[in-house]
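Produce the entire structure from the sequences given, and follow the hints as far as they go.
Numbering (our numbering), first residue to last: 46 to 149.
Quick caveat, the hints were computed from the structure, so don't treat them as lab data. These numbers were taken from a predicted model, which means no experiment stands behind them. One should not assume that every hint holds.
Calculated cross-link-like contacts (lysine to aspartate or glutamate; reagent style DMTMM-like; alpha-carbon spacing at most 20 Å) [stated by the list, open to error]:
id, residue 1, residue 2
1, Lys74, Asp64
2, Lys83, Glu71
3, Lys74, Glu86
4, Lys68, Glu79
5, Lys61, Glu50
6, Lys68, Asp57
7, Lys61, Glu71
8, Lys68, Glu58
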Amino acid sequence: VPLAEWVVGVVDEHHKAQDKEAKEQEAAKALAAEAARKAAEADASQAYGGTQTILNLTKEDVAVLLSLSKPPQVLIPVVGSFALLCGIRPKWKAVKELLSNPAA
Numbered sequence: 046v047p048l049a050e051w052v053v054g055v056v057d058e059h060h061k062a063q064d065k066e067a068k069e070q071e072a073a074k075a076l077a078a079e080a081a082r083k084a085a086e087a088d089a090s091q092a093y094g095g096t097q098t099i100l101n102l103t104k105e106d107v108a109v110l111l112s113l114s115k116p117p118q119v120l121i122p123v124v125g126s127f128a129l130l131c132g133i134r135p136k137w138k139a140v141k142e143l144l145s146n147p148a149a
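Here it is, written out as structure tokens:
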């Protein structure tokens with residue numbers, strides 16, 4: 046094998062190895078990005094679902110909050126947005142129960 050052909054062969058192999066490594070790195074980055082996206086979605090759904098509750102609103106708390114707002118439905122998105130901004134994850138079950146049955 047002439048020297049020039051051997052050098053070209055070695056360089057080609059080196060470039061193929063680099064291409065393969067770059068493709069593997071891209072695949073790893075894509076997997077990491079997908080995992081991060083799924084984690085963010087799970088965190089957002091927990092924030093809305095109130096599964097990791099920091100602030101527990103009782104029916105009495107909700108009644109006081111709702112009495113301060115006319116109409117009461119306006120308060121829910123405002124309190125929800127504020128709570129999410131502050132990292133508070135309230136339980137909305139009490140809010141929903143009170144709105145569906147205010148006499149309770």
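Hint check:
1. As the CA atoms of Lys74 and Asp64 are separated by approximately 15 Å, the hinted pair is consistent with the 20 Å bound.
2. The suggested pairing of Lys83 with Glu71 holds, with an alpha-carbon distance near 18 Å, which does not exceed 20 Å.
3. For the proposed pair Lys74 and Glu86, the alpha carbon gap of about 18 Å is at most 20 Å, so the pair holds.
4. Using a Cα cut-off of 20 Å, the hinted pair Lys68 and Glu79 holds, with the two alpha carbons roughly 16 Å apart.
5. Only pairs whose Cα atoms come within 20 Å are accepted, and Lys61 paired with Glu50 is accepted, the gap being roughly 16 Å.
6. Proposed proximity of Lys68 and Asp57 is supported: the alpha carbons are some 16 Å apart, at most 20 Å.
7. For the given pair, Lys61 sits about 15 Å from Glu71 by alpha-carbon distance, which is consistent with the 20 Å threshold.
8. Simply put, Lys68 and Glu58 have alpha-carbon atoms about 15 Å apart, close enough for the 20 Å limit, and the pair holds.
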